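There are 2 protein chains.
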Amino acid sequence: MFRELISIEKAKQIILENIPSKPVKTEKIPIYEAHRRVLAEDVVAPFDVPSFNRSIVDGYAVRAEDTFGAEEEKPIKLRLVGKVNVGEAPRIMVNSMEAVEIATGAAVPEGANAIVMVEYTSKEENSVLIYRPVVKGENIMKAGDDIKKGEKILKKGEVLGPRKIGVLAALGYTEVKVYSQPKIAIISTGPEIVDPGKPLAPGKVYDINSYTLSAAVCELGAIPINMGIVPDEEKEIEKAIKTALENADAVITSGGVSVGQKDLIPKVLAKLGKPGILFCGISIKPGKPTTFAVIDGKPIFSLPGQPTSSLFVFFMLVRPALQRMAGTREESLPTVEAYAGEKMFPARGRKTFIMVDLKRDNSGRLIAYPVPKGLSGAITTLARAAGYIEIPENRQFVESGEKVTVYLFGD
Amino acid sequence: MFRELISIEKAKQIILENIPSKPVKTEKIPIYEAHRRVLAEDVVAPFDVPSFNRSIVDGYAVRAEDTFGAEEEKPIKLRLVGKVNVGEAPRIMVNSMEAVEIATGAAVPEGANAIVMVEYTSKEENSVLIYRPVVKGENIMKAGDDIKKGEKILKKGEVLGPRKIGVLAALGYTEVKVYSQPKIAIISTGPEIVDPGKPLAPGKVYDINSYTLSAAVCELGAIPINMGIVPDEEKEIEKAIKTALENADAVITSGGVSVGQKDLIPKVLAKLGKPGILFCGISIKPGKPTTFAVIDGKPIFSLPGQPTSSLFVFFMLVRPALQRMAGTREESLPTVEAYAGEKMFPARGRKTFIMVDLKRDNSGRLIAYPVPKGLSGAITTLARAAGYIEIPENRQFVESGEKVTVYLFGD
Numbered sequence: 025m026f027r028e029l030i031s032i033e034k035a036k037q038i039i040l041e042n043i044p045s046k047p048v049k050t051e052k053i054p055i056y057e058a059h060r061r062v063l064a065e066d067v068v069a070p071f072d073v074p075s076f077n078r079s080i081v082d083g084y085a086v087r088a089e090d091t092f093g094a095e096e097e098k099p100i101k102l103r104l105v106g107k108v109n110v111g112e113a114p115r116i117m118v119n120s121m122e123a124v125e126i127a128t129g130a131a132v133p134e135g136a137n138a139i140v141m142v143e144y145t146s147k148e149e150n151s152v153l154i155y156r157p158v159v160k161g162e163n164i165m166k167a168g169d170d171i172k173k174g175e176k177i178l179k180k181g182e183v184l185g186p187r188k189i190g191v192l193a194a195l196g197y198t199e200v201k202v203y204s205q206p207k208i209a210i211i212s213t214g215p216e217i218v219d220p221g222k223p224l225a226p227g228k229v230y231d232i233n234s235y236t237l238s239a240a241v242c243e244l245g246a247i248p249i250n251m252g253i254v255p256d257e258e259k260e261i262e263k264a265i266k267t268a269l270e271n272a273d274a275v276i277t278s279g280g281v282s283v284g285q286k287d288l289i290p291k292v293l294a295k296l297g298k299p300g301i302l303f304c305g306i307s308i309k310p311g312k313p314t315t316f317a318v319i320d321g322k323p324i325f326s327l328p329g330q331p332t333s334s335l336f337v338f339f340m341l342v343r344p345a346l347q348r349m350a351g352t353r354e355e356s357l358p359t360v361e362a363y364a365g366e367k368m369f370p371a372r373g374r375k376t377f378i379m380v381d382l383k384r385d386n387s388g389r390l391i392a393y394p395v396p397k398g399l400s401g402a403i404t405t406l407a408r409a410a411g412y413i414e415i416p417e418n419r420q421f422v423e424s425g426e427k428v429t430v431y432l433f434g435d
Numbered sequence: 025m026f027r028e029l030i031s032i033e034k035a036k037q038i039i040l041e042n043i044p045s046k047p048v049k050t051e052k053i054p055i056y057e058a059h060r061r062v063l064a065e066d067v068v069a070p071f072d073v074p075s076f077n078r079s080i081v082d083g084y085a086v087r088a089e090d091t092f093g094a095e096e097e098k099p100i101k102l103r104l105v106g107k108v109n110v111g112e113a114p115r116i117m118v119n120s121m122e123a124v125e126i127a128t129g130a131a132v133p134e135g136a137n138a139i140v141m142v143e144y145t146s147k148e149e150n151s152v153l154i155y156r157p158v159v160k161g162e163n164i165m166k167a168g169d170d171i172k173k174g175e176k177i178l179k180k181g182e183v184l185g186p187r188k189i190g191v192l193a194a195l196g197y198t199e200v201k202v203y204s205q206p207k208i209a210i211i212s213t214g215p216e217i218v219d220p221g222k223p224l225a226p227g228k229v230y231d232i233n234s235y236t237l238s239a240a241v242c243e244l245g246a247i248p249i250n251m252g253i254v255p256d257e258e259k260e261i262e263k264a265i266k267t268a269l270e271n272a273d274a275v276i277t278s279g280g281v282s283v284g285q286k287d288l289i290p291k292v293l294a295k296l297g298k299p300g301i302l303f304c305g306i307s308i309k310p311g312k313p314t315t316f317a318v319i320d321g322k323p324i325f326s327l328p329g330q331p332t333s334s335l336f337v338f339f340m341l342v343r344p345a346l347q348r349m350a351g352t353r354e355e356s357l358p359t360v361e362a363y364a365g366e367k368m369f370p371a372r373g374r375k376t377f378i379m380v381d382l383k384r385d386n387s388g389r390l391i392a393y394p395v396p397k398g399l400s401g402a403i404t405t406l407a408r409a410a411g412y413i414e415i416p417e418n419r420q421f422v423e424s425g426e427k428v429t430v431y432l433f434g435d
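So the protein lines, in turn, are chains A and B. Counting from 25, one number per residue, gives the positions in the first sequence under the working numbering. Counting from 25, one number per residue, gives the positions in the second sequence under the working numbering.
Note that these hints are calculated values from the structure, not bench results. Note that the structure is a prediction, hence the values are computed from the model and not measured. Check before you lean on any hint, since a few could be wrong.
Said to hold, decoys possible - Per the computed footprint, the stretches of chain A lying under chain B, defined by three or more beta-carbons under 8 Å from a beta-carbon of chain B, are:
#	segment
1	65–78
2	106–120
3	189–196
Unchecked claim - Some, not all, of what chain A presents toward chain B, calculated at C-beta under 8 Å:
#	residue
4	P47
5	G245
6	E355
7	P358
8	F433
A virtual CB, placed ideally from N, CA and C, is assigned to each residue, including glycine.
Whenever a hint applies, use it, and build me the whole structure from the sequences.
Below, the structure written as C-alpha cells:
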C-alpha cells in the first residue's frame, strides 16, 4: 500500500481537504489579551461613535449664520454665554448671536452648528469677536460620523492588532469572541535522539525537532504541547499518539518514517482508526518519507527525523493546515528575487528544494548560495539558510547566475 | 520654556540619545520559552556537531580502497562483519576487505572511511557485493562538519526563532541567556475618557489608548503594564507617574498634553526629577503636542490623547526606542509604492502624515486614499488605514496620481 510517491501539490490538496475548513472552537477573552487572536464574530457597532456631536478644534461653538460677513477688519461680536470642557455634558444652549467656548473633543452644545477656531477670534470679558465666517457643520464631527450604530466594523476572521483592539475599546467591548488556538501535540522519535541537558553517548544526537517545531507552532498562533522523546517501540509510539489525539487538535511526529528507522510511525498510524493514512511519501527532496493520516477527524503529520527536512516540510505542508485551523489567513512565505550563486542540481525525479543563504554582490545584486554544500544532516543548514529555492523535477539544473525566487523563512 | 517646536528627526535623535543604547537586564530562560526572545550572549559550540562521524545514507561502511575497480559486471565481495544501527555506539572494527551494514545517521565504525549506498550493493549471507567504487570520505559527515567545537554559531542580539532554537537544542542547551523584556507602564488621562464596560455619559468616550498602546508594546516584545485611566488632576497624575517609574523601565502617557487639556502632563514632568523634559512639541501633524522627558534614567513619552495621533506617534518615535530597549533590530515599518488617489495637502508649516487606505485600480496599480476625509478624531482612521504617507512641510501638496511611499502599519 502507498508505494507510489505523490506530488507536493497533491499532498497539500489532500491535507487541506481533510482538515476542518475553519476553527471549530471559540472562546471569550478580555480585549487586553486579544493581541494576535482571530475574531470569531462580526463586530457591529452597538451605538454611534462619537456618541455626541464633537468639536474637532479649540474655539467657539456658534450658529454659523451669525458669522456670515465676519472679516478681519469687521469682526462680528457674539455674546459669550459659557464654556464646555472636554468630557462634560453641555448644559448651555446657544441662541442667536451667542457663543460658547469649547475645547477640542468636547460635546457641541445645543443650538450651535459650527465651531470657530480660536485663532480667528478674540475674547473680551463677556463676548467674543469673530474674524472669519464658518459654514454649517464646520469643525464638528457629528455623532456617528466615525462609526454608525449598526455598522459592521470588524469581520469574523480578522486578526486583532493594536488598531482593531482600539476599535473594540471604542465600542465599549471588554471581552471579545475569538477562535480558540489549536493545540498541537509534538512527538519526537528516533533511537539516536537524547534530551538536551542529558549526556550525549557515542552515536547519539540531541533532540532538535521538539524545539524547532514547538517554536514554529507558536509562531502561527497555535499552542504546542511538547510530548518530548518517545522510545522507538511500536507500543510506546501507539500510546503516545493516542494520548496526543485525546489532548490535542492535531499531532506532529518527527522521525520513525525513513527506511533506516523501521517505518514505525506508518505502522502505528495504519491501525489507529479511520480513515487512517492518506498518503505515505512525497516526490520531493527533502521530505520524501512524509506521511499524513487522519484519525477520528484529527490530522497527524509524520515528518522526517532530520531537523532541516522536518522543519522544511512543516513550512510546506503543516503551516497552511495550522493557519486554517487557527483561523488566520493562509499566507505563503514571503519571497524575494535573487540570482543563483552556483549551478544547482535537483535530486533525480523529485522536485527539489535547496536551502540557500542570501548575500549581495559588489553590484548590489542578491545572490542565493546553497547552504551548506552537501551536508544533508546539518543543523546549521537551518540556522544559516535565509530560505529555499525550488527546482522542478523536469529541470536538469539551475544555471549559475540564473534568476531564482527565494522563499524566506524569517527568523 | 520649550516654546519652539522641533523637527521629527530632531525628536527621534533626542530620544535615541537619551535611552540606554541596549537592554540592561538579562535573564536565563528555558529554550522552549525562548521563541521571539533576544539572545544576550554569544553561543559558542561546546562540542563538535555531529559528535561522531556519521553516515548520511543507508548502506555499507567500508575502506574506500577496497572498492576501487568495482563495476556492475565485476562486483567486489567484502566480508560482512556486523551492523550499526542509528543511535548505537559501533563496537565493530572494519578491517581490510570487510564491510559493516550501516543506517542513515548511524556512527561510522572505526577503520571505515566511506559508505557505499545500499543501491549499489547486494547482500549475501555473510558478505556483500559492491558494484561501484567510493572515494575516501564519501557519504560520511565528519564529526564537527556541521558545527565545530568552539565555533561562534549565534550572536548576541539575534532574535530566536524556530531555527536558532534548534541550534541551541543541537548544542545541548536547556536554558539560554536573553535580554529581559522591558516593562512599559501605560497611563491614559483625559476628563472625557471612561473605561470600556462602564456607562457612557454624554460628552464621554471610551478609553482606547490603553488598549492600542498595550497591544503595540506587546508586538515589540516588551511587556505592557496597563495602569488604566488616571484622573485629570495634577496630584493624581504625579502619583501615577511616580508609581510607573518605580515599576517600569519606561512610561507612556496619552492625553493631557494639548492646549485644551490643561498641559497637565508637562507640568508634572517638569518637577519630577532630572534631566526632566527634553522636548515639548514637534512640528508634525498629527502629534504636535508630543512631549519627551527622562527622569532618573527612565524615558517618559507623553503622547496626544487622540487615538490615531497617539498610536501614530508611538510608531514614529516610541517604537524605535522600545526596539532598542528590547534589544531587537531597529526596523522601520515596511513600505510599499503607490499612487495618490487624490490631491493631499500638508498642514501649514508642519511635516504632515496622512493615513491612507490602499486599493487596486482596474489596471492593478496600488492607489493610496486618505482615510477618513477630514475626521481627525476618528477611531476608524486607525482601523481603516493601511499605513501613512509623508508630506514634507515645504511641499504645497501631493498631486493626485503622484507616486508616493506608503509606510505600512500591519494588522
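Task: Violated hints - listed by number, lowest first - done: 4, 5, 6 and 7
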